[in-house]
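Student: Sequence:
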Amino acid sequence: MTYTQAQIDRANAANLEDFLRAQGETLVRSGKEYRWKAHDSLTVCGNKWFRHSQSKGGYPVDFVMEFYGKSFPEAVQMLTGEPGEVQPEADPAPSPAFRLPLRNVTNANILNYLTQERKLSPSLVNFFIVAGDIYEDAAHHNAVFVGRDADGHPRYASSRGIHEKFRQDAAGAEKAFGFAHRGTDKQLLVFEAPIDLLSFIELFPKNWQQHNYLSLGGVSSKALRQFLSERPDVERVFLCLDADKAGEDACKRLAALLPDTVSVTRIQPTRKDWNEVLFHRAEIPNRNYFKSIVLKEPSKPETVKIIRMSDVELTPVEWLWKPYLPFGKLSVLQGNPGEGKTYFAMHLAAACTNEKLLPNMERMEPFNVIYQTAEDGLGDTVKPRLIEAGADLDRVLVIDDSDVQLTLSDERIEKAIIENNARLVIIDPIQAYLGADVDMNRANEVRPIFMRLGQVAQRTGCAILLIGHLNKAAGMQSLQRGLGSIDIAAAVRSVMFIGKLKHDPTMRILTHEKSSLAPPGVSLAFSLGDEGGFRWVGEYDITADEMLSGIEPQRETKTQQAKDLICTLLAGGKQVLSEDIDKAALEKGIPGRTVRDAKRELGDALKSKIVEGRKKVFWMK
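For the sequence shown, the numbering used here begins at 1230 and goes up steadily by one.
Check the hints yourself; a few may be wrong.
Claimed, not checked - Here are the simulated distance ranges between beta carbons: (1) HIS1369 / MET1593: 43 to 49 Å; (2) ALA1379 / VAL1541: 25 to 31 Å; (3) ALA1337 / TRP1765: 50 to 56 Å; (4) GLU1459 / LYS1501: 42 to 48 Å; (5) GLY1381 / ASN1355: 27 to 33 Å.
If you're looking for bench data, these hints aren't it; they were derived computationally from the structure.
Think of the CB as a built atom: it goes at the ideal place given N, C-alpha and C, for glycine as much as any other residue.
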């Protein structure tokens, strides 16, 4: 359609107050102007409008295009009720009148504005600056956001004031080519403004470059329709418009325009817009940044769901305590009653809640732990042991199952993890939480339970440690003495045992029998005496089978082996380089950190000096 200048003038002379009332909109008087109730930052007066939040205004044709998503001819027709002349459709072509605003020599002002005032990361902003899609204009030092066509040619530019609320499209800019990022996957996320687009990426940065992002420059459908014409392979569209009536109405309208083959979901921010969410994210509980509503779901014939390995994302294993306890997985700790499993669990809780680190554990920020026990009283046993271990009691939580007994299949486990941001769940003993009708020796009964629990761990990223008693069989391998069906050991990623040394009842050994995600860890010894309490001793050279069989070899701890080796090397007053000591220890299977522990325990008996500014020489006193 094309319209004469006289028709355009009549459209722009239309009274916006009357127009909005005719659309069923509510206006509230504000002095000489009227405020649009659905858009409280916008006022109209006669044939003029002004959006105060963006310092932007104009006449009726612009208004209808901006807020009703109409094209120029559609807006004129809506305002006048007059038909235009039919013109054949033509492919969009660059406007000869369009020119990008002149670039400033630096981007310092907009970089400061976007990072300090808008809370965007410098790395994200610089990504788009390097691409040429964001820059600082020379005349006013505004932030300029560039929209390109599929060939990469600039077709649109919008300026955003950094010192005052101002937004304006460049002369000749084509609304069909909004500020965007073109990714490789088949989903598109749609926003009203470039800063909202960038704020969303900041909130959800994982693999963001794979996705497609588009700013409409308002709520018009032009840019969306153009993008989908360029990318017909897009299967999912997420409408991430502002959380107001205009955004809500635009989402419904845009969803209706999209083809039925496309899935459409409304992603509504929990604050007014995505930049407000970013600005206040620390105040938003549980990272509930949005709510989603499915607006359109294409009907597809049921097919077998296939995962193509080329599409599977490589993800590194995160460790609570490497290699013994991974995050997001199931682990098992087993042992005979009274041999230190619960004491170990208490010290693990202390390590997670109050930085009372276990041997070789990397430091991390304290987090909440759920400790579920069915054998010990909370007040007379669990709490005193937690205090003794040095745990932060405010971070140790228990699911109250006094009314309904908790089981491993209970949905309360996952809810408790999510609601309390717990990163470790300890269940002690596992036998008490299987459920009354479950026989742990039957694979068909335990396998689905452990599969579901493993999925909970994976979804939440929480480490789940199951503590259980060994069976009474003798002369069997350690895994065969474990919990019930062998399928339990197969379902978990890490299997550990705790046992008592026969020749030293105060000494307990933690052995690592199975590790699916890393080489098994060394065996660790700790003492559990009445006088000294719980104390880590160091590495100990013994296997789970040797420990559980009761036929333990008379071996020293790794630390003692290292001390004996050092004394031997330095006998007779010999002086030996530190690197030669480490080499000799490594040949005997003693790691460097154990050598350092041995040197520390030898204390004043060991002397050292620096030679040639770098080499350290040791000798015995």
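Student: Each hint should be assessed against the structure and marked as holding or not.
Tutor: Hint by hint, here is what the structure shows:
Take HIS1369 and MET1593: their Cβ atoms lie about 47 Å apart, and the range 43 to 49 Å holds. Distance hint for ALA1379 and VAL1541: a CB-CB separation of about 29 Å, consistent with the stated range 25 to 31 Å. Distance hint check: the CB atoms of ALA1337 and TRP1765 are about 53 Å apart, consistent with the given range 50 to 56 Å. Checked against the given bound of 42 to 48 Å, the beta carbons of GLU1459 and LYS1501, roughly 31 Å apart, lie outside it.
In this structure, GLY1381 and ASN1355 break the distance hint of 27 to 33 Å, their C-beta atoms being roughly 19 Å apart.
Going down the numbered hints, you'll see the structure goes against 4, 5, while the others check out.
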